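Asker: Letter by letter, the chains look like this.
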Amino acid sequence: MSLLSIIASIAGLQNGIAQGPFGDTSINWILNVLFYVIFVVFIFYGQRFQMYVMLREVEGSLYKLKYIREEGRKIAVETIKEIGKPQSDPAARVDRFLEYFTIGPQSLDPAGIVWKLEHILDVRDIRFKDEVKLMAPAADETQANNLENTLEAAMALNFIYKVIRHYYLLGKKTLSLYVIMQIQMILPMVMREAEAYASALKAFAYGQPIGDGAGALVAAKLMHGQETRKIAKDCVVATIPFEGRTAYVIKAEGPGGDVGKPGDAVKAIIEENEGKIASVIMIDAALKLEGEELGELAEGVGAAIGGPGVDQYKIEDELVKYHIPINAVIIKEDIGDAVSPMRKEIFDSIDKVIERIKQVILERTKEGDKVIIAGIGNTIGIGQ
Amino acid sequence: MSGTPSSTTKTRISSFVLVVIFVTLALSLAALIFAVSVLDQNTEATWILLLLGFLGVTLSTYVLFQTRRRLSKLRIVVPPVTTTIECKKCGFKNVREFQRGDYIFKELEPCQKCNDKMLITAIYREVKEKQKERFPV
Numbered sequence: 001m002s003l004l005s006i007i008a009s010i011a012g013l014q015n016g017i018a019q020g021p022f023g024d025t026s027i028n029w030i031l032n033v034l035f036y037v038i039f040v041v042f043i044f045y046g047q048r049f050q051m052y053v054m055l056r057e058v059e060g061s062l063y064k065l066k067y068i069r070e071e072g073r074k075i076a077v078e079t080i081k082e083i084g085k086p087q088s089d090p091a092a093r094v095d096r097f098l099e100y101f102t103i104g105p106q107s108l109d110p111a112g113i114v115w116k117l118e119h120i121l122d123v124r125d126i127r128f129k130d131e132v133k134l135m136a137p138a139a140d141e142t143q144a145n146n147l148e149n150t151l152e153a154a155m156a157l158n159f160i161y162k163v164i165r166h167y168y169l170l171g172k173k174t175l176s177l178y179v180i181m182q183i184q185m186i187l188p189m190v191m192r193e194a195e196a197y198a199s200a201l202k203a204f205a206y207g208q209p210i211g212d213g214a215g216a217l218v219a220a221k222l223m224h225g226q227e228t229r230k231i232a233k234d235c236v237v238a239t240i241p242f243e244g245r246t247a248y249v250i251k252a253e254g255p256g257g258d259v260g261k262p263g264d265a266v267k268a269i270i271e272e273n274e275g276k277i278a279s280v281i282m283i284d285a286a287l288k289l290e291g292e293e294l295g296e297l298a299e300g301v302g303a304a305i306g307g308p309g310v311d312q313y314k315i316e317d318e319l320v321k322y323h324i325p326i327n328a329v330i331i332k333e334d335i336g337d338a339v340s341p342m343r344k345e346i347f348d349s350i351d352k353v354i355e356r357i358k359q360v361i362l363e364r365t366k367e368g369d370k371v372i373i374a375g376i377g378n379t380i381g382i383g384q
Numbered sequence: 001m002s003g004t005p006s007s008t009t010k011t012r013i014s015s016f017v018l019v020v021i022f023v024t025l026a027l028s029l030a031a032l033i034f035a036v037s038v039l040d041q042n043t044e045a046t047w048i049l050l051l052l053g054f055l056g057v058t059l060s061t062y063v064l065f066q067t068r069r070r071l072s073k074l075r076i077v078v079p080p081v082t083t084t085i086e087c088k089k090c091g092f093k094n095v096r097e098f099q100r101g102d103y104i105f106k107e108l109e110p111c112q113k114c115n116d117k118m119l120i121t122a123i124y125r126e127v128k129e130k131q132k133e134r135f136p137v
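Here the protein sequences line up with chains V and C, keeping their order.
Here this note's numbering is used: position 8 in the first sequence is 8, and no number is missing along the way.
Here this note's numbering is used: position 44 in the second sequence is 44, and no number is missing along the way.
Worth flagging that the hints you see were computed from the coordinates, not collected in a lab.
Nothing here was measured: the structure is a model prediction, and the numbers come from that model.
For each residue, glycine too, the CB sits at the ideal point set by N, CA and C.
Possibly wrong hints are sitting among the right ones.
Quick look at which bits of chain V chain C covers, simulated, 3 or more residues with Cβ under 8 Å [as the list claims (entries may be wrong)]:
| id | region |
| --- | --- |
| 1 | 185-192 |
| 2 | 281-293 |
Derived DSSO-like pairs (lysine-lysine); straight-line CA-CA distance at most 30 Å [what the hints assert, rightly or not]:
| id | chain 1 | residue 1 | chain 2 | residue 2 |
| --- | --- | --- | --- | --- |
| 3 | C | K113 | V | K344 |
| 4 | V | K344 | V | K321 |
| 5 | V | K230 | C | K106 |
| 6 | C | K88 | V | K288 |
| 7 | C | K88 | V | K321 |
| 8 | C | K106 | V | K133 |
| 9 | V | K81 | C | K128 |
| 10 | C | K128 | V | K352 |
| 11 | V | K221 | C | K93 |
| 12 | V | K288 | V | K173 |
| 13 | V | K267 | V | K344 |
| 14 | V | K221 | V | K66 |
| 15 | V | K116 | V | K221 |
| 16 | V | K288 | C | K128 |
| 17 | C | K88 | V | K276 |
| 18 | V | K358 | C | K93 |
| 19 | V | K288 | V | K276 |
| 20 | V | K221 | C | K128 |
| 21 | V | K81 | C | K106 |
| 22 | C | K128 | V | K344 |
| 23 | C | K128 | V | K230 |
| 24 | V | K162 | V | K233 |
| 25 | V | K366 | C | K89 |
| 26 | C | K113 | V | K74 |
| 27 | V | K358 | C | K88 |
| 28 | C | K106 | V | K344 |
| 29 | C | K113 | V | K66 |
| 30 | V | K230 | V | K129 |
| 31 | V | K230 | C | K117 |
| 32 | V | K358 | C | K106 |
| 33 | V | K133 | V | K173 |
| 34 | V | K358 | C | K113 |
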């Protein structure tokens, strides 16, 4: 029977307009039955359909994540080949690097956990740097730092992809709506983060300044042209006259991608001055809420610094010891802008931040006082 | 560096989805052809077939184009980044595309006008904002 005759027989056209059991046309009768069948099917299988729709959505995002992850790996390998001039193909070593993990310290007895965490992070940092040196022997220090950042972004993408894949496969295996629902609900945020890391990859590979470097750029503008000295691991300080006060401006040493150890740097300056510091002002990029303007400034108190918390702990500990007030100026941006090449709006806000710092210093300190200005953030693409 | 996408992805549409789309399209077209052939009878069923045919064709082509659109979206876009070079002495300014090795406060070749060293003063990307949503608050 041909396709047309099937349709015709369904439509009841070959035998004219037949009457259905309820006094209707046959096509109406079919539609009625179809409606009841669909109604009953949806009563029993509605949730399952919903689950399949969710699974399809997660699957679509998973394809995208896989593509981004592969691109990340490709960019990392190509950059290593281009800059590092390795003798053998670095792909296998990169693949091994992407699977690296860090086990956090045991928190059952939290006393001393900060130092344990710091130690683990130091070991991780040394390990990463060694790996990059082996992968890219021709890279200088700046390039090696940028490569390390590129690999870390690729590593983050690999991790995101694997976690989403895990929940997708688990949901498919168990057919549990709640497993799938959890991952489907957070998917838009996860995708935003993955896209942010994807755009960060190129920025890191090329050594472009990123949004997170706003704090470091403020410090760089203040210390440019002044003599700098190394104060802590990967951190520099410049002593500058500022509105009749002496300002110690701290930032991570650029232009390679690094955040340094601002906690140690602030501690060292305070100790050098035997605690005679009138105020500490920290400048950092902070996540903005939806609806807030990019590059908007806000002022407050407290240690404006992200990361695992080791540096924040050290700064707070030192400030408490000498009762030093701490002020903070933050530059608002979202996660995408924080890890992708610096946007003009953020760059334009730098001069406004310097004006704000000036205001804070004039209002909160006296002439002849000593202040610390710490520009926090990744200093990639920013010299001093 | 350029503003063009770095690369595109391979076509990846599930074969099951493609089969469903094309079967729906074929059935809808068949329904349309049949409805047109019996249009002179002007029965209720003819109009229902026409309606179903049009709906099927519209829906399947829409789904097909949506799938293709989603695939074309799958790429990492590299935003164009500009470097501003300035001469601190005479104020001569030059804006060019970012080059690997550029960084803020990097000293470059001498100025074309006064022969003093030029400095990279800015590296950023400009994003044209889409029209912002309006909120009552």
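Asker: Determine which of the earlier numbered hints do not hold for this structure and return their numbers in increasing order.
Answerer: The structure breaks hints 1, 2, 4, 6, 7, 9, 12, 13, 14, 15, 17, 19, 23, 24, 25, 26, 29, 33, 34; every other hint is satisfied.
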